[in-house]
Amino acid sequence: MQRLGITIAFFIIALAMVFMAVISIQNIQPIPLEFLIFRSSAAIPFGVLLAFSFSLGLILGATIPFVKPLQRLFTGGGN
Numbered sequence: 013m014q015r016l017g018i019t020i021a022f023f024i025i026a027l028a029m030v031f032m033a034v035i036s037i038q039n040i041q042p043i044p045l046e047f048l049i050f051r052s053s054a055a056i057p058f059g060v061l062l063a064f065s066f067s068l069g070l071i072l073g074a075t076i077p078f079v080k081p082l083q084r085l086f087t088g089g090g091n
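Each residue of the sequence shown is one higher than the last, beginning at 13 in our numbering.
Quick caveat, the hints were computed from the structure, so don't treat them as lab data. No experiment lies behind these values; they were computed from the predicted model shown. Treat the hints with care, as some may be off.
Computed Cβ-Cβ distance ranges for the label pairs, DEER-style [stated by the list, open to error]:
hint : residue 1 : residue 2 : range
1    : V34       : I56       : 31 to 41 Å
2    : Q14       : I49       : 40 to 50 Å
3    : T87       : F50       : 28 to 38 Å
4    : L70       : L16       : 16 to 26 Å
5    : A28       : R51       : 36 to 46 Å
6    : F64       : I18       : 36 to 46 Å
The beta carbon of each residue, even a glycine, is placed where N, CA and C say it ideally should be.
Generate the whole structure from the sequences, applying the supplied hints.
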């Protein structure tokens, strides 16, 4: 059963990467990067920005299950 879950997770990630590739190819123009007070002087292609944010989301999603048990360890257990 665990093997099926891993296979489904890989399939979902692969499907998301295909969608990301199609969207980034269709939107090839560079876009300026602005976030709150941070502004980039160089325009970044949409595909690069999309790949960066997707990768960051995968990394954060993979590390959160490891951080949650550490919080329980330091706070004394419980839910």
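**Report entry** Non-conforming hints, listed in increasing numerical order
**Finding:** Of the numbered hints given earlier, those the structure breaks are 1, 5, 6, listed in rising order.
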